[in-house]
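For the record, the sequence lines run as chains B and U.
Note that my numbering has the first sequence beginning at 1, numbered continuously upward.
Note that my numbering has the second sequence beginning at 1, numbered continuously upward.
Accuracy of the hints is not assured; some may be wrong.
On the chain U side, residues computed to face chain B include the following (Cβ under 8 Å) [as the list claims (entries may be wrong)]:
1. A56
2. R80
3. Y88
4. A92
5. L93
6. N96
7. G106
8. F113
9. F114
Computed cross-link-like contacts, DSSO-like style, restricted to lysine-lysine with a CA-CA straight-line distance of at most 27 Å [stated by the list, open to error]:
10. B:K130 x U:K77
11. U:K109 x B:K196
12. U:K245 x U:K24
13. U:K77 x B:K196
14. B:K196 x U:K121
15. U:K118 x B:K196
16. U:K191 x U:K69
17. B:K196 x U:K136
Here are the computed distance ranges between Cβ atoms for each label pair [stated by the list, open to error]:
18. B:N43 x U:G147: 50 to 60 Å
19. U:F113 x B:N248: 34 to 44 Å
20. U:S139 x B:S30: 31 to 41 Å
21. U:S139 x B:I19: 18 to 28 Å
22. B:L131 x U:G19: 21 to 31 Å
23. U:F113 x B:L152: 39 to 49 Å
None of these hints come from the bench; they were simulated from the model.
Just so you know, even glycine gets a beta-carbon here, dropped at the ideal spot from N, CA and C.
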Amino acid sequence: MFKDRKNFLYYLGIFSPLIFLILLILIFSSLHPRFLHPLNIFNVMRQISITGLIALGMTFVIIVRGIDLSVGSLIALCGLVGAVIAKGGLVERFSVGVDTELANPWYWALAGSVLIGLLAGTVNGVCITKLKVPAFVVTLGGLSAYRGTALLVSDGGPISGFNEAYRWIGQGKIGMVPIPVIIFLVFIVLCHIVLKYTVYGRYIYSVGGNPEAARLSGINIDLIITSTYVITGFFVGLAAFILSARLNSSEAVAGMGYELNVIAVVVVGGTSLFGGRGNILGTIIGAMLFGVLQNGLVLLNVSSYIQQIIIGIILILAVTFDKFSKSVRQV
Amino acid sequence: MEQPQYIVQMNNIYKSFNGVKALKDVSINLQKNEVVGIVGHNGAGKSTLIKILSGALHKDTGSILIENKQVEISDPKDARNMGIETIYQDLALAGNLDVASNFFLGNEKSRFFFLRNKFMKEESKRVLQEMKINIKSYSVPVDFLSGGQRQAIAIGRAIYNKAKVLIMDEPTAALGIEEARRVGDLINQLKKQDIGIFLISHDIHDVFDFCDRIAILKNGELVDICVSVEVTKDDVVSLIIKGTK
Chain B
1 MFKDRKNFLY YLGIFSPLIF LILLILIFSS LHPRFLHPLN IFNVMRQISI TGLIALGMTF
61 VIIVRGIDLS VGSLIALCGL VGAVIAKGGL VERFSVGVDT ELANPWYWAL AGSVLIGLLA
121 GTVNGVCITK LKVPAFVVTL GGLSAYRGTA LLVSDGGPIS GFNEAYRWIG QGKIGMVPIP
181 VIIFLVFIVL CHIVLKYTVY GRYIYSVGGN PEAARLSGIN IDLIITSTYV ITGFFVGLAA
241 FILSARLNSS EAVAGMGYEL NVIAVVVVGG TSLFGGRGNI LGTIIGAMLF GVLQNGLVLL
301 NVSSYIQQII IGIILILAVT FDKFSKSVRQ V
Chain U
1 MEQPQYIVQM NNIYKSFNGV KALKDVSINL QKNEVVGIVG HNGAGKSTLI KILSGALHKD
61 TGSILIENKQ VEISDPKDAR NMGIETIYQD LALAGNLDVA SNFFLGNEKS RFFFLRNKFM
121 KEESKRVLQE MKINIKSYSV PVDFLSGGQR QAIAIGRAIY NKAKVLIMDE PTAALGIEEA
181 RRVGDLINQL KKQDIGIFLI SHDIHDVFDF CDRIAILKNG ELVDICVSVE VTKDDVVSLI
241 IKGTK
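Kindly generate the complete structure, drawing on both the sequences and the hints.
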């Protein structure tokens, strides 16, 4: 009997984000008739796709007991590099209009943005594994340094006005589904498969669960840890490009504070900050929870100040549940 | 008289850490179907010696022969490829993963990068059942299993990898009496399968129960190797503490 209760609490802990998400959807849909309208649902999905993409990478990082605080600043840097490539420099930086001519097509901008992301991820990973500096410190340094580089590249101001093909990646739709949502869905499936069904995914969990055991089993743990930061860098590059396409602008202050949103999404989704535990589906639920909450509160005209308070409380509750569910299962 | 068949010969091994000599001219060997105990105080050099054989540390000088062939063991994977498997006290398993994942850790069976989970689960189940290890659930993280069961998984993994040499570091230290006895049965069972075992232990009773020969280390030097039926426990204790009988 007692053991059943323990199991019940354990599963309550595991499924609490999902239960909470469903509760929120029920509450908002009863309070606001348009909440469940497909347009609004896709709107929520589009809103979460930027943080969601980065959260996919962050899930890998946190499972191997890491953290990446540099993602917010890296968004700005990646987006700006993409924009500079598209504009062919800083001369035409403010030319906005329907038929804005670009020096280079959107895919070169995307490639540049992703390349910078990969590069920064590699630098983060190598500093953490080879210089043995804690991830928190390395990426805190990155948070400052990448933002500074972004300001340097852009000379402080925004770069605005891209052509239609460029903007389509952020603003376009296929049928009712926004392009960012499609991109997001594709990478959700990909990451889920990689993490759950491949040898690489198994290595991620083993390094997170017991790095020493993994090393003694012949797994190159430095390489595995570095790879998670590279993956995150890739998603930051991609997300930064989508963000600039959606806003039709890149600027050095973009993505300010995103690192905390992303980490919140991953942690609320049940990925343990102690490593070894978590999955992509949880991260998606975490992302949707924040998306729904924000969207619902906006629809109900709740002040954005109060929204921030609520989000903070939910984060703490989620981690409490996580620790709690872990402790009840120590049988 | 027939020349004994050694699977492991470690000759004149030296190792120092930042000038501190951890091992001084240690030579030790191991035959098939034999259990050699390695005993000594903390810091006597037991772990260092064993880590050199398992690839976790590198020797300064000396030579290692596996089945009469000189080898260089540069990392744990090397050691594993030579048939040397180590069962660490507490380091061997990833507690967040299930039985099969741990059983095949670092040696995952896959098809085009995709894990063959079903195959791995069946194989681990088969091997553990052959060892008469009873595990209720193969799908829970091994953190939820008992210490004895986890030790059995680590041993089963070594057997499955066709270990010729098994290194066991304090295999019973974290276990209850009943579980320690089960591990003891396992050791006796393994001995019959052409495997040589190095057993490191603090427990003098364990050593006498399982080992054919006992090597005593003190301050990085090999004090003596005795045949366990020819000495008493008091002799060994005295060797550990004073270095003489």
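Between the beta carbons of F113 of chain U and L152 of chain B, is the distance compatible with 39 to 49 Å? Given a distance of about 40 Å, which is inside 39 to 49 Å, the answer is holds.
Given the hint of 31 to 41 Å, check if S139 of chain U and S30 of chain B actually sit that far apart at their C-beta atoms. 39 Å, holds
Range hint 18 to 28 Å: satisfied by the CB atoms of S139 of chain U and I19 of chain B? Taking Cβ atoms as reference, S139 of chain U and I19 of chain B lie about 23 Å apart, which means the hint holds.
Cβ separation of L131 of chain B and G19 of chain U, checked against the hinted range 21 to 31 Å: 25 Å, holds
Satisfaction of hint between K136 of chain U and K196 of chain B, Cα-Cα up to 27 Å: 24 Å, holds
Measure nothing beyond the straight line between the CA atoms of K196 of chain B and K121 of chain U; if it is 27 Å or shorter, mark the hint as holding. 15 Å, holds
Once the shortest beta carbon distance from A92 of chain U to chain B is found, is it less than 8 Å? Nearest chain B Cβ about 6 Å off; hint holds.
Could you see if the CB distance from N43 of chain B to G147 of chain U stays within 50 to 60 Å? Distance hint for N43 of chain B, G147 of chain U holds at roughly 53 Å.
Do the alpha carbons of K245 of chain U and K24 of chain U lie within 27 Å of each other, as the hint requires? OK: K245 of chain U and K24 of chain U at ~21 Å, within 27 Å.
Can you confirm whether the C-alpha distance between K77 of chain U and K196 of chain B stays at or below 27 Å? With a Cα-Cα distance of about 25 Å, the restraint between K77 of chain U and K196 of chain B holds, given a limit of 27 Å.
Quickly compare the C-alpha distance for K130 of chain B and K77 of chain U to 27 Å and report which way the hint goes. 21 Å, holds
Is the interface hint satisfied for G106 of chain U? The criterion is a beta-carbon contact with chain B at less than 8 Å. Holds. Min distance 3 Å.
Of the numbered hints listed earlier, not one is contradicted by the structure.
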